[in-house]
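Undergrad: Using the sequences and the hints given, assemble the complete structure.
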Amino acid sequence: MTGAHSRIPTDPSDEALSTSRSRRLMSGYIFGNPPSPDNTTRHAMYSNLVNERHPTPPLRDLQGRDSPPLSEFTAPSSPTTAGEGMDSAAAAASLAKLKMSTEAPGGGDDGLPRTDTYDPLTGLNDGEADLDESAPQAAFTTAEYMKGEDTEAGKYRFPRHRLRKTMKDETKIPLVIVACGSFSPPTYLHLRMFEMAKDEIVESQTFEIMGGYYSPVSSKYKKAGLAAAQDRVRMCELAVEHTSTWLMVDPWEAGQPEYQRTAVVLEHFDEELNARSGGVTMSDGKKRRYKVMLLAGGDLIESFGEPGVWSEPDLHIILGRFGCLIVERAGSDVWAFLLSHDILYSHRRNVIVIKQLIYNDISSTKVRLFVRRGMSIKYLLPNSVIQYIYDNQLYRGSDARLIQ
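Per my numbering, the very first residue in the sequence shown carries number 1; after that it's consecutive.
Treat the hints with care, since some could be wrong.
The list that follows gives simulated cross-link-like pairs (lysine-lysine, DSS-like), each with its CA atoms no further than 30 Å apart [stated by the list, open to error]: (1) 165 with 366; (2) 287 with 168; (3) 147 with 198; (4) 147 with 222; (5) 355 with 366; (6) 172 with 286; (7) 165 with 155; (8) 222 with 366; (9) 378 with 366; (10) 155 with 220; (11) 291 with 220; (12) 155 with 287; (13) 287 with 172; (14) 378 with 291; (15) 291 with 172; (16) 168 with 147; (17) 165 with 291; (18) 147 with 355; (19) 168 with 286; (20) 223 with 378; (21) 147 with 223; (22) 198 with 378; (23) 378 with 286; (24) 222 with 378; (25) 378 with 168; (26) 172 with 147; (27) 291 with 198; (28) 220 with 147; (29) 198 with 286; (30) 355 with 168; (31) 355 with 223; (32) 286 with 147; (33) 366 with 220; (34) 222 with 168; (35) 155 with 291; (36) 168 with 366; (37) 223 with 366; (38) 168 with 291; (39) 172 with 355.
Don't read these hints as lab results, they were simulated from the structure.
TA: Shown next, in the form of structure tokens:
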């Protein structure tokens with residue numbers, strides 16, 4: 001069949017689709033709101049600025065990357081010039097307003113948003129969307145300490161910027177929760193474990209949470225897939241420093257030249273919280289000790305029962321002196337396991353089992369595998385951590401190669 005109406009439709013090119021989608025995203029039209037003339041002009045002006053300073057790479061170039069950045073910014077193209085639809089004064093005012101808006105957090109040195117992480121829909125860099133402005137910030141960084149610098153800035157400082165010093169209900173026990181682990185990388189499961197523990201503690205009406213800590217293991221642990229200690233500490237900081245009002249990252253264990261046993265790490269926290277800080281200040285001026293408890297997954301409690309993995313003195317310290325908060329895994333029965341082992345059963349009253357009401361089995365091992373395969377890891381861990389992984393080219397080789 002021939003004729004004017006017999007043409008076979010062809011699919012639009014990738015570049016055409018990308019440009020068309022970008023126009024809709026920038027205008028808001030994808031959400032059913034036709035762009036106003038002012039917004040159209042504003043986006044056209046923005047497009048001119050972006051294209052001039054940051055030319056957009058063709059889509060085929062982006063597809064050629066084995067591990068693309070967290071988000072790609074594609075500037076819209078438009079034949080509209082900056083002066084169309086408004087007089088010169090209005091155009092100048094709009095341009096000034098545009099430049100002011102690009103100087104907000106997330107902008108580059110040239111006043112434009114960073115195109116490697118900028119989200120045109122929200123105006124935020126990925127990772128800032130979960131920002132909690134009420135979160136107290138640390139007055140120092142851990143970078144110098146993790147580098148082993150023999151300077152004032154390189155000295156170890158125990159993080160206390162979110163540690164509560166007084167109690168709301170003095171009839172309860174002041175509790176500090178500590179999670180030891182590889183955190184290579186930290187995932188949303190690691191973050192959710194603290195929140196699940198908090199819910200359990202609030203429900204029990206026995207303890208009052210005074211703070212929570214991540215304690216990444218030393219690089220000397222020699223575990224498969226273990227990134228450098230300074231990278232894991234930084235990723236944990238990125239995960240919690242701007243999103244939580246009660247979680248902190250202690251770099252002490254990660255900065256040690258030798259592997260530190262879990263019992264020794266818990267004793268370190270007890271020393272810093274009670275011996276050095278003096279504990280919690282009560283309303284009558286007296287001091288009370290912080291109780292330190294280990295937060296871990298069900299796989300840890302199961303390893304307690306494996307012969308030769310843990311020494312009996314360490315188990316008595318961890319379970320008897322401190323105690324454990326155990327997040328139960330799907331298909332496991334922690335209480336049945338406690339019943340079957342003498343040491344664990346003797347300390348069962350110092351173990352709090354936390355049931356997952358929404359099961360989360362995100363695995364750091366699988367996250368590393370996804371990175372190596374060039375697969376998406378978005379929504380498995382915080383955006384700021386994802387960006388750090390890509391920026392620092394982490395987890396590109398096999399897990400065995402990561403062991404130094």
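Undergrad: Each hint: holds or not?
TA: Hints and how they fare:
Between the alpha carbons of residue 165 and residue 366 the distance comes to roughly 39 Å, so the proposed pair goes past 30 Å and is violated. Distance restraint check for residue 287 and residue 168: the Cα-Cα separation of roughly 15 Å lies within the 30 Å cut-off, and the hinted pair is therefore satisfied. Between residue 147 and residue 198, the direct Cα distance comes to roughly 33 Å. Violation of the 30 Å bound is thereby established for this hinted pair. Only pairs whose Cα atoms come within 30 Å are accepted, and residue 147 paired with residue 222 is accepted, the gap being roughly 19 Å.
This hinted pair checks out: residue 355 and residue 366 have alpha carbons roughly 23 Å apart, not beyond 30 Å. Taken as a hint, the residue 172 and residue 286 pair is honoured in the structure, with Cα atoms around 15 Å apart against an allowance of 30 Å. Annotation: proposed proximity of residue 165 to residue 155 holds, straight-line Cα distance about 23 Å (limit 30 Å). Pair hint residue 222 plus residue 366 holds up; C-alpha atoms about 18 Å apart against a cutoff of 30 Å.
Between residue 378 and residue 366 the alpha-carbon distance is near 13 Å, which keeps this suggested pair within the 30 Å criterion. Only pairs whose Cα atoms come within 30 Å are accepted, and residue 155 paired with residue 220 is accepted, the gap being roughly 20 Å. Distance restraint check for residue 291 and residue 220: the Cα-Cα separation of roughly 28 Å lies within the 30 Å cut-off, and the hinted pair is therefore satisfied. Between residue 155 and residue 287 the CA atoms are separated by roughly 28 Å; this keeps the pair inside 30 Å, and the hint holds.
For the given pair, residue 287 sits about 14 Å from residue 172 by alpha-carbon distance, which is consistent with the 30 Å threshold. Distance restraint check for residue 378 and residue 291: the Cα-Cα separation of roughly 36 Å exceeds the 30 Å cut-off, and the hinted pair is therefore not satisfied. A distance of roughly 11 Å separates the Cα atoms of residue 291 and residue 172; the hinted pair therefore holds under the 30 Å criterion. Restraint check for residue 168 and residue 147: the C-alpha separation of about 39 Å exceeds 30 Å, so the hint is violated.
Our distance criterion of 30 Å between C-alpha atoms is met by residue 165 and residue 291, whose separation comes to about 13 Å. For the hint linking residue 147 to residue 355, the alpha-carbon distance of about 39 Å lies beyond 30 Å, and the restraint is violated. Of the pairs offered as hints, the one joining residue 168 and residue 286 holds, with about 15 Å between alpha carbons and a cut-off of 30 Å not exceeded. A distance of roughly 25 Å separates the Cα atoms of residue 223 and residue 378; the hinted pair therefore holds under the 30 Å criterion.
The straight-line distance between the Cα atoms of residue 147 and residue 223 is roughly 21 Å, inside the 30 Å bound, and the hint therefore holds. As the CA atoms of residue 198 and residue 378 are separated by approximately 26 Å, the hinted pair is consistent with the 30 Å bound. A hinted pair counts as satisfied when its Cα atoms are at most 30 Å apart, and residue 378 with residue 286 does not qualify at roughly 48 Å. At most 30 Å may separate the alpha-carbon atoms for a hinted pair to count; residue 222 and residue 378 meet this at roughly 27 Å.
Of the supplied pair hints, the one linking residue 378 and residue 168 is violated, its CA atoms being roughly 38 Å apart against a limit of 30 Å. The suggested pairing of residue 172 with residue 147 is violated, with an alpha-carbon distance near 40 Å, which exceeds 30 Å. Taking the CA atoms of residue 291 and residue 198, the gap is near 15 Å; set against the 30 Å cutoff, the hint holds. Of the supplied pair hints, the one linking residue 220 and residue 147 holds, its CA atoms being roughly 15 Å apart against a limit of 30 Å.
For the given pair, residue 198 sits about 26 Å from residue 286 by alpha-carbon distance, which is consistent with the 30 Å threshold. This hinted pair checks out: residue 355 and residue 168 have alpha carbons roughly 27 Å apart, not beyond 30 Å. Between the alpha carbons of residue 355 and residue 223 the distance comes to roughly 28 Å, so the proposed pair stays at or under 30 Å and holds. For the given pair, residue 286 sits about 39 Å from residue 147 by alpha-carbon distance, which is inconsistent with the 30 Å threshold.
For the suggested pair residue 366 and residue 220, the alpha carbons sit about 22 Å apart, so the restraint of at most 30 Å is met. The straight-line distance between the Cα atoms of residue 222 and residue 168 is roughly 42 Å, outside the 30 Å bound, and the hint therefore fails. A distance of roughly 26 Å separates the Cα atoms of residue 155 and residue 291; the hinted pair therefore holds under the 30 Å criterion. Proposed proximity of residue 168 and residue 366 is contradicted: the alpha carbons are some 41 Å apart, above 30 Å.
In summary, the hint linking residue 223 to residue 366 is supported, as the alpha carbons are separated by about 15 Å, within the 30 Å threshold. Distance hint between residue 168 and residue 291 is fulfilled; the C-alpha atoms sit about 16 Å from each other, no more than 30 Å. Our distance criterion of 30 Å between C-alpha atoms is met by residue 172 and residue 355, whose separation comes to about 23 Å.
In this structure, the hints that do not hold are numbers 1, 3, 14, 16, 18, 23, 25, 26, 32, 34 and 36, in rising order.
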